Structures are given as C-alpha cells and as structure tokens.
Amino acid sequence: MTLSEFFVNYGGIFFAGLGASLAVLLSGVGSAKGIGIVGEATSGLVIEEPEKFGKSLILQLLPGTQGLYGFVIGLFVMAKLNSNMGIAEGLYLFAACLPVGIVGLMSAVYQGRVSAAGISILAKNEDHFFKGVIYAVMVETYALLAFVISIILLNAVNF
Amino acid sequence: MAIVKMSSFSLLAFDSERDKLLGRLQNFGYVHFNNPDESLLEEGLEPVSIPESIGEVDEEISKVKYAIEVLSKYYEKETGIKAMIKGLDTLEFEELEEKAKNIDYIPTYERLRELTLGLDDVNSKSKSLEENRDELLLWKRLRYPIEELDNFKQLEVFMGTIPKKMKASFDDALLSLSLTYVEEISDDKDSSYIYGVTWKEEVDTFNEILRNNGFSRIKLSGTKTPEEEIKLIDDSLDKLKLKGEDILESIKGLSGNLPEFEIVYEYLMNKKLKLMTSENFVTTEKVNLIRGYIPTDKKDAFKSLIDETLEDAYYINIEDAELDDPNVPVLLENSKFNQNFESLTEMYSLPKYNEIDPTPFLTPFYLIFFGMMGADFGYGLIMLIGTFIALKMFNLNDGSRKFLKFFHYLSYSVMAWGLVYGSIFGGIVPSPIKALINPAEEYNSLLVLSIIFGIFHIFYGLAINAYMSIRDGRPLDALYDVGFWFLALLGSIGFLLAMVIDIPLVIKNISLLMMIIGMAGIVLFGARDAKNIGGRLAGGVYELYGISGYIGDFVSYSRLMALGLSGGFIASSINLMAGMAAESGPIGIFFGAIIFIIGQAFNFGLSILSAYVHTIRLTFVEFFGKFYEGGGVRFKQFRSNTKYINLK
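For the record, the sequence lines run as chains C and A.
What the first sequence shows, in numbering that gives the first Met the number 0, is residues 0 to 158, in sequence order.
What the second sequence shows, in numbering that gives the first Met the number 0, is residues 0 to 647, in sequence order.
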C-alpha cells in the first residue's frame with residue numbers, strides 16, 4: 000500500500016485520532032506546566048505556614064481544568080471513531096479538536112502564572128486570598144470558550 | 000435598606016474625663032472617629048498623644064499571647080466537626096469587661112513562665128549531656144579511667160582523631176617508632192579515633208608524626224572509664240527526662256486556664272484600641288475636641304450616653320452628615336435575604352455615602368446567573384442539604400453564617416436550572432419533568448437567551464444610573480448619559496434584528512429612528528463639558544465609539560451558556576467513563592462507582608467555583624460598570640476584631 004492509498008483508505012480515522020490525541024496532549028501539557036509553576040511557588044509558602052496548604056491547593060488546581068477539557072473532547076471524538084470514516088469527516092474532527100488543544104496549552108500556562116502570583120496574596124494577606132483565585136479563573140474563560148466551541152463543532156455536523 | 004444614614008458629631012469634653020468617656024463609647028460600639036483635621040492643628044490645637052499606659056497594655060498583651068501560645072499546645076479542644084458545632088462563645092461587651100477584670104492571670108502566667116524556663120533548662124541540659132555521651136561512646140573500648148590518663152610519669156597518652164585519608168601515611172610513619180603503641184578505637188565517616196601511648200623519649204618524634212598527619216586532640220571530660228561515665232550520663236538523662244515530664248504535666252495542668260487567657264486577650268486588645276483612638280483627637284490644654292460619625296438612628300442613645308457620662312461638662316453638636324463628604328463612613332443595611340449578598344458589594348468596594356447600595360439590585364441577577372452556570376439538580380440538592388445541615392448544626396460567627404446562607408439561596412436556583420436543562424448529576428438519573436431546553440442540541444437558543452439576559456442586566460444598570468442622576472437633581476444628565484444610550488442601543492438591536500428575521504417594517508423604521516436620535520444625542524451631548532464646539536463633537540464621537548464596548552459586554556454574557564454547557568458535558572463524560580467501567584462485571588461496578596463519585600465531586604467543586612467567579616465578573620464588570628463607582632470608607636465600629644470569642 001502506498002502512502003496515498005493509505006490516506007485514501009484510512010485518512011479519516013487517522014486525522015480524527017490525531018485530533019483526539021492533540022486535544023488531550025496539548026491541553027494536558029499546558030495543565031501540567033501550569034500546575035507545576037504554581038506548585039513550585041507554593042512549596043516555599045508551606046515551609047513557613049503549613050496551615051495554608053488547603054488554600055494553596057485550590058490555587059494549584061486551577062490550571063488543571065484545561066487538561067480536563069481536552070480529555071473530555073478526546074473522549075467525545077473517540078465515541079465517533081470508526082475505521083470507515085471519510086477523510087473529510089476525519090479532517091473536520093481534527094479541526095474541531097484544535098481550539099481546546101491550542102488554547103488549553105497556552106491558557107493553562109498563563110493561568111499557572113497568575114495563580115503563582117496569587118500565592119503571594121495568600122502569603123501576605125490571607126483574607127483577600129479569594130481575589131487571587133478570581134484573577135486566575137478569569138484566564139480560564141478563554142479555555143472554556145474554546146472547549147465549548149470544540150464541543151459545538153463536534154456536534155454541529157453529521158456526516 | 001441601603002446605606003445607613005450618618006450623623007457627624009463634634010464633642011468638646013474635659014481631657015480628664017477622656018478615659019471614662021472612651022470606655023462608655025466603646026461599650027456603645029457604633030462610633031466612627033475621624034482623623035484629626037489638619038486645619039485645626041494649624042490653628043494651634045495639639046493632637047492628643049497616646050497615653051503612656053499603652054506600654055503597659057502592650058506588655059500585658061505580649062504576656063497573654065505567650066501564655067496562649069504555650070497552653071494551646073496542650074489544651075484539649077474539640078476539633079473538626081465538634082468544634083464547629085460548639086463554635087465560639089458570644090459575649091456582650093460589658094460581660095467581656097467584667098469577666099476579664101475578675102481574672103487574675105498574673106500568678107498563672109508567672110507559674111507558667113517558671114515552668115517553661117525550667118523545661119528549657121532541662122532540654123538544654125539533656126542536649127549537652129547527649130552530646131557528651133555521643134563522644135564518649137566512640138571511646139567505649141578504652142578501659143581506663145579518664146582522670147588517670149594524664150598522670151603517668153614515664154609515658155604520655157595521646158587521644159584524638161586523624162582524617163581517614165591520612166591513616167595510611169600515619170601508619171607508615173609509625174613504623175619508625177619502637178617505644179610507641181597506637182590503637183584505633185573506632186571510626187566515623189571521615190575520621191579515625193586513635194589513642195597512642197608513647198615513652199617520654201619518643202614524645203617529640205611522635206608529636207611530629209601526629210602534626211604531619213592532621214591529628215586533632217580530643218580531651219574527654221569525666222573521671223572514670225568511658226563506659227562508667229556513659230552509665231552516669233544515662234542516669235542523669237533519665238532523671239532529667241522524668242523532671243521534664245513532671246514539668247510538662249504541670250503545664251498541662253495549667254492548660255485549663257487557656258479560655259481565661261483568651262478572654263483577657265480580647266479585653267486587652269479592646270483596651271489597646273481605646274488608648275490608640277486618642278490619636279484621632281485634638282486638644283487645648285484642658286479640653287479635647289472629638290469628632291466622628293454615628294448612625295443617625297442611634298443619635299438619641301448616643302446623646303443620652305454622653306449626657307450620663309459627662310453630666311453637664313460638655314458641648315456637643317450633632318448634624319446630618321454631608322452627602323458629598325468623602326469622609327463619611329458607610330454602613331450597609333439590607334433585608335434578611337439581601338444582606339447575604341453584601342459580601343459581593345464589599346468585595347468590589349463599598350459605595351460612597353452619596354451613591355447607592357447596589358446589593359439589592361445585584362441579588363436577583365446573581366441568583367439567576369449562578370443557577371444558569373451551575374445548572375444541575377443533583378449539585379443544587381447537595382448544596383441545599385449541605386448548607387442546611389451546616390446552618391442548623393454549627394455555631395457560626397456572623398460572616399460565615401451569611402456566607403453559607405448565600406450558597407443556601409443559590410442552591411435553589413441551581414436546582415431550578417438543573418430541571419430546565421434536564422440534568423441530574425449529568426443525566427445519570429432521568430429527570431422527572433421534561434427538560435425545557437436541551438443544552439446539547441439547543442445551544443443556539445441558549446446563547447440567545449444568555450444575551451437577552453445580558454441586555455436586561457445592562458439596561459437595568461443604566462436605569463439605576465438614570466435614577467441616581469434624577470435623585471440628585473440632574474434629570475438632564477439622566478437623559479444625556481442614559482436616555483440616549485437606551486435609544487441608540489435599543490434602536491440598533493431592533494434594526495439589526497430586522498435585517499435577520501422577518502418583523503413588520505414599522506418596527507424596523509421606528510428602530511432606525513431611535514438609533515439615529517440616540518446616536519445624534521450621544522455625539523452632541525456626550526462630551527458636553529468640553530470647552531469648544533470642535534472638542535465637544537470629537538468627544539461625542541469618541542463617546543459613541545463606546546458602543547463597541549457594549550457589543551463586548553453583550554457577548555460576554557455568552558459565558559452563561561458556556562459554563563452551563565461545559566459543566567453538563569464534563570458530568571456526562573464522567574458518567575460515560577463510569578458506565579464503561581461498570582460494564583465489565585462486579586469489580587467494574589465498584590470502580591465505576593468510584594469514578595462516578597470522585598469525578599462528580601470534582602466537577603461539582605469546579606462548577607460551583609466557576610459559577611461563583613464568573614457571576615461575580617458579570618456583576619462587577621458589565622453591571623457595576625454602568626452605574627457604580629464605590630470607594631466609600633468602611634464604618635469602623637469602636638471594637639477590635641476578635642479572635643477567640645464573638646463580641647456582640
């Protein structure tokens with residue numbers, strides 16, 4: 000089988016599968032990095048004030064949602080996979096995965112940075128800790144919009 | 000319902016009466032003092048200096064703090080849920096004062112101080128003994144009394160360490176000596192512990208060898224053989240340990256006094272505040288001038304309190320606070336339902352005294368929007384039950400109680416929207432009633448609904464702005480700043496709709512007319528403060544450009560749809576995974592159940608947090624942006640913030 004034959008026969012499922020992988024992969028990498036950034040910032044705080052661990056965990060988990068969004072998209076694409084898929088459908092599903100993957104990757108890292116900055120609010124003025132959470136969640140808005148568009152795209156067209 | 004009316008007062012009273020007066024005022028509580036007026040200081044009045052007794056109070060506070068710190072380690076307090084059920088004691092201010100005055104904590108403090116010093120002493124002694132012991136352990140094989148080692152006539156004894164790296168060359172060098180005996184007693188990571196005995200004649204050579212090989216001498220303390228010395232040390236360590244335990248027992252015996260110290264602490268903190276407050280006053284030689292604010296409805300009580308305390312020796316002037324004075328402190332008062340939402344207003348910024356309290360206005364929208372974003376009957380039910388149990392069982396302070404009630408009310412909205420969307424734990428339980436909107440299919444109508452909500456929200460905010468202008472006697476501002484925007488926005492919405500869907504031509508034309516009048520009005524009057532006509536028109540055009548901001552505002556409400564959708568989809572994909580696991584037999588059902596519980600719990604937390612935050616954003620940015628500025632000064636009660644009790 001030549002490469003072109005392969006794409007004619009299996010191109011659909013290949014691209015759909017690639018899309019699902021990228022959705023999970025990119026947003027997962029972003030979340031891992033975001034959570035990592037906050038984790039590094041938090042450890043210093045917990046040395047001095049271990050009782051703030053619970054609250055710092057909230058800040059750390061915030062950049063974790065992008066990975067979850069990507070995972071859900073991956074799952075939805077998986078439910079649609081079959082080996083006879085046309086190449087058009089495969090490419091369409093691939094495209095639908097891009098928003099959550101790419102926005103997830105970038106926004107999780109930025110959200111991680113904002114959360115890490117929120118750690119200093121937690122350290123110095125615990126009463127206003129929640130304002131740090133709000134700043135961080137604001138970043139997530141765009142991951143959320145990307146997620147919703149990915150979902151709508153997945154459901155919008157039936158091949 | 001809204002911002003509490005304030006009265007400002009100026010009180011002249013004798014300096015000698017100040018302490019008594021402040022005491023009574025602190026009991027009264029509802030007094031907010033002004034910072035001293037610069038102009039008065041320029042006229043030759045002196046600021047009142049903080050009484051010297053503040054030093055004593057500070058010293059007392061540090062003692063009490065110390066005692067609390069030590070005792071709280073040993074005080075057996077209920078923890079977790081039990082502690083929450085019990086909560087903090089609530090005391091009236093007078094009760095606190097009376098209780099604190101009856102507590103003589105000094106003897107307990109001194110006893111405690113003595114005990115902790117004793118404990119420190121025991122600990123440091125044991126530590127040095129242990130160090131000693133560790134050193135002796137290395138020489139345990141030396142079976143000779145330590146004191147006799149230095150008493151030989153013909154021999155000299157060397158004890159010490161040489162680095163392991165040098166051991167080989169050291170051994171080599173020793174071969175040249177015949178009247179010297181060297182033995183390695185023990186070793187650790189880097190050093191060998193050796194002792195050597197040498198005849199007087201060879202001492203110098205031996206010394207030379209030792210010096211060349213990095214020898215460092217060790218002098219053992221004690222008299223008997225190392226082994227016997229170790230035994231002696233062990234005995235003293237045992238005794239010290241017992242003594243330490245004794246002291247600890249005694250400290251634990253004192254821990255019952257912790258609540259007393261806590262009460263004294265709160266009392267002292269209030270006393271300190273009372274003394275510090277004097278800073279805000281100015282004085283002549285004998286007479287203090289005290290200025291501040293009280294809520295107007297407490298005016299009579301305040302007057303009679305002053306009268307009672309100072310008898311006839313005072314002069315007071317109370318008048319309604321200036322509406323536009325930025326120094327007037329702000330206290331919010333809302334209905335039992337609305338006051339649970341005050342925390343949102345406070346989080347943004349308290350209103351200025353001449354503004355409006357936005358709490359009652361934001362409440363209905365907050366309820367609707369939060370529910371729309373949370374939107375799951377199951378999640379709402381958990382919130383409802385959780386907050387209900389917590390409110391019934393726990394003894395909470397005012398702030399936490401309001402916060403829980405806030406979520407309690409929100410839970411109804413979450414449940415209602417859950418039914419609208421037909422979602423119970425992401426659809427694992429079939430909804431008893433037919434869903435009005437199926438979010439997965441009808442996201443378009445959901446988006447339209449969200450934006451319609453947004454239009455209402457924003458127009459409502461603009462209407463409040465107009466109301467405030469009219470209330471303050473500026474009806475034209477209401478027309479220019481709000482009326483024209485209403486026309487322009489409504490007109491453009493109608494006009495644009497007419498292009499997309501089929502509506503009668505009349506409406507389209509009316510819309511067009513409204514839009515044109517509105518926009519013209521904005522261009523002509525938007526920058527009416529400008530000096531010349533050119534600047535005014537340019538400013539007006541710039542104002543009109545603000546319409547793009549409105550487009551952004553409306554689109555922002557799409558998050559209402561987005562959050563509702565994402566929560567639902569994540570919940571259903573958790574169910575999907577749990578279902579896949581459950582298909583593979585009994586163990587699968589077990590894992591499926593775990594996936595379901597953990598996944599749903601996670602999504603619950605995420606949904607509620609997102610709903611909370613994003614509704615705040617819609618309120619603060621889109622809604623408050625239209626009419627609310629904030630920046631008021633908080634009314635500070637003449638009480639310190641309590642830590643261990645609730646003060647009424």
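Bear in mind the hints are in silico, worked out from the structure with no lab data behind them.
A quick note: this is a predicted structure, and the numbers were derived from the prediction, not measured.
Heads up, the beta-carbon is just placed ideally off N, CA and C, and yes, glycines get one too.
There may be inaccurate statements among the hints.
Partial list, derived from the structure: chain A residues whose beta carbon lies under 8 Å from chain C [to be verified]:
#, residue
1, Gly426
2, Ile427
3, Ser430
4, Ser491
5, Ile492
6, Leu562
7, Phe568
8, Arg616
DMTMM-like, lysine to aspartate or glutamate: derived pairs with alpha carbons at most 20 Å apart [what the hints assert, rightly or not]:
#, chain 1, residue 1, chain 2, residue 2
9, A, Lys635, A, Asp296
10, A, Lys635, A, Glu345
11, A, Lys635, C, Glu50
12, A, Lys642, C, Asp126
13, A, Lys76, C, Asp126
14, A, Lys64, C, Glu48
15, A, Lys100, A, Glu55
16, A, Lys62, A, Glu129
17, C, Lys79, A, Glu440
18, C, Lys130, A, Glu345
Do the hints match the structure? See the list:
The restraint placing Gly426(A) at the interface with chain C is violated, with a minimum CB-CB distance near 14 Å, outside the 8 Å limit. Look at Ile427(A): its Cβ only gets to about 16 Å from chain C, farther than 8 Å, so that hint breaks. About 20 Å separates the beta-carbon of Ser430(A) from the nearest beta-carbon of chain C, more than 8 Å, and the hint is not met. Using the Cβ-Cβ criterion of 8 Å, the hint placing Ser491(A) at the interface with chain C is not satisfied: the shortest such distance is roughly 24 Å.
For Ile492(A), the interface hint is violated, the least distance from its beta-carbon to any beta-carbon of chain C being 23 Å, above 8 Å. Satisfaction of the interface hint for Leu562(A) is found here, the shortest Cβ-Cβ separation to chain C being roughly 7 Å, below the 8 Å cut-off. A least Cβ separation of about 6 Å between Phe568(A) and chain C falls short of the 8 Å threshold, and the interface hint therefore holds. The beta carbon of Arg616(A) is positioned within 8 Å of a beta carbon in chain C (closest approach about 7 Å), and the interface hint is therefore held.
For the hint linking Lys635(A) to Asp296(A), the alpha-carbon distance of about 17 Å falls within 20 Å, and the restraint holds. For the hint linking Lys635(A) to Glu345(A), the alpha-carbon distance of about 14 Å falls within 20 Å, and the restraint holds. Pair hint Lys635(A) plus Glu50(C) does not hold up; C-alpha atoms about 29 Å apart against a cutoff of 20 Å. Taken as a hint, the Lys642(A) and Asp126(C) pair is honoured in the structure, with Cα atoms around 14 Å apart against an allowance of 20 Å.
A threshold of 20 Å between alpha carbons decides the hint, and for Lys76(A) with Asp126(C) the separation of about 25 Å lies outside it, so the pair is violated. Our distance criterion of 20 Å between C-alpha atoms is met by Lys64(A) and Glu48(C), whose separation comes to about 19 Å. Taken as a hint, the Lys100(A) and Glu55(A) pair is honoured in the structure, with Cα atoms around 16 Å apart against an allowance of 20 Å. Simply put, Lys62(A) and Glu129(A) have alpha-carbon atoms about 33 Å apart, too far for the 20 Å limit, and the pair is violated.
Note on Lys79(C) and Glu440(A): the hinted pairing holds, with a Cα-Cα distance of about 17 Å set against a maximum of 20 Å. For the given pair, Lys130(C) sits about 12 Å from Glu345(A) by alpha-carbon distance, which is consistent with the 20 Å threshold.
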